[in-house]
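Start from chain H and add chain G according to the hints.
Those sequence lines, one after another, are chains H and G. The first sequence begins at 1283 in our numbering and counts up by one. The second sequence begins at 4 in our numbering and counts up by one.
FYI, nobody ran anything at the bench for these hints, they're computed from the structure. Take the hints with a grain of salt, since some may be wrong.
What the hints assert, rightly or not - Lysine-lysine pairs mimicking DSSO-like chemistry, simulated, CA-CA at most 27 Å apart: (1) G:Lys60 to H:Lys1287; (2) G:Lys60 to H:Lys1319; (3) H:Lys1319 to G:Lys14; (4) G:Lys74 to G:Lys14.
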Amino acid sequence: DQQVKQNSPSLSVQEGRISILNCDYTNSMFDYFLWYKKYPAEGPTFLISISSIKDKNEDGRFTVFLNKSAKHLSLHIVPSQPGDSAVYFCAATGGGNKLTFGTGTQLKVEL
Amino acid sequence: DTGVSQDPRHKITKRGQNVTFRCDPISEHNRLYWYRQTLGQGPEFLTYFQNEAQLEKSRLLSDRFSAERPKGSFSTLEIQRTEQGDSAMYLCASRRMTAKDTQYFGPGTRLTVL
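One chain only, chain H, in its complex shape:
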């Protein structure tokens, strides 16, 4: 069963606008969530994370929001830049061990 879901396989936004990537999870034991960015033929690169005790974490242009009651998190990128074009993976862990990943969202930032 898919415990972490990214229901949008792709997203296209204009340069300078906001990109919002969504992720849903089903396992209540997850207590730490991460976003990774991946270019083709490379490993995932860590972007930002959030603990379940928080509802928001911000790092520069990237903000992650967590809604525990809805088991939903989102990544906001403002402003979006062409270099942000990549596949974004949401991941979750419980107890700090293995990561469970979603299937990814392909973000394309257009000029």
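For chain G alone, kept in the frame of chain H given last:
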């Protein structure tokens, strides 16, 4: 930090051959993880080590797969009698043992089984 490194980056082999991949984690990272990623999917957990001890194995890790981390530093992942279904990107990650710490990934080894 020099980052997680993996070798080789690409491997093409014929069905039935054995292959071995190496991962060098970030120094002083106690935990080392192996994942596999196929097209259109996110990485899937295979196994992880704390120092030299292998603490968990996924049911994805059939008996043709074996992983070692003999001295608690680098790790190897061996696949025996490769099958076409083993074609995937094999990713290694490491992190400190501190709870909730982030896993950092290497560039991966792309395996193609002909």
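Going straight from one Cα to the other, do Lys74 of chain G and Lys14 of chain G come out at no more than 27 Å? holds, 25 Å
Is it true that the CA of Lys60 of chain G sits at most 27 Å from the CA of Lys1287 of chain H? Distance ~23 Å between Lys60 of chain G and Lys1287 of chain H Cα, so the pair holds.
Does the structure keep Lys60 of chain G and Lys1319 of chain H at a Cα separation of 27 Å or less? This hinted pair holds, its Cα atoms lying about 26 Å apart.
Taken at face value, is the distance from the CA of Lys14 of chain G to the CA of Lys1319 of chain H at most 27 Å? holds, 24 Å
The earlier numbered hints are all upheld by this structure, with none contradicted.
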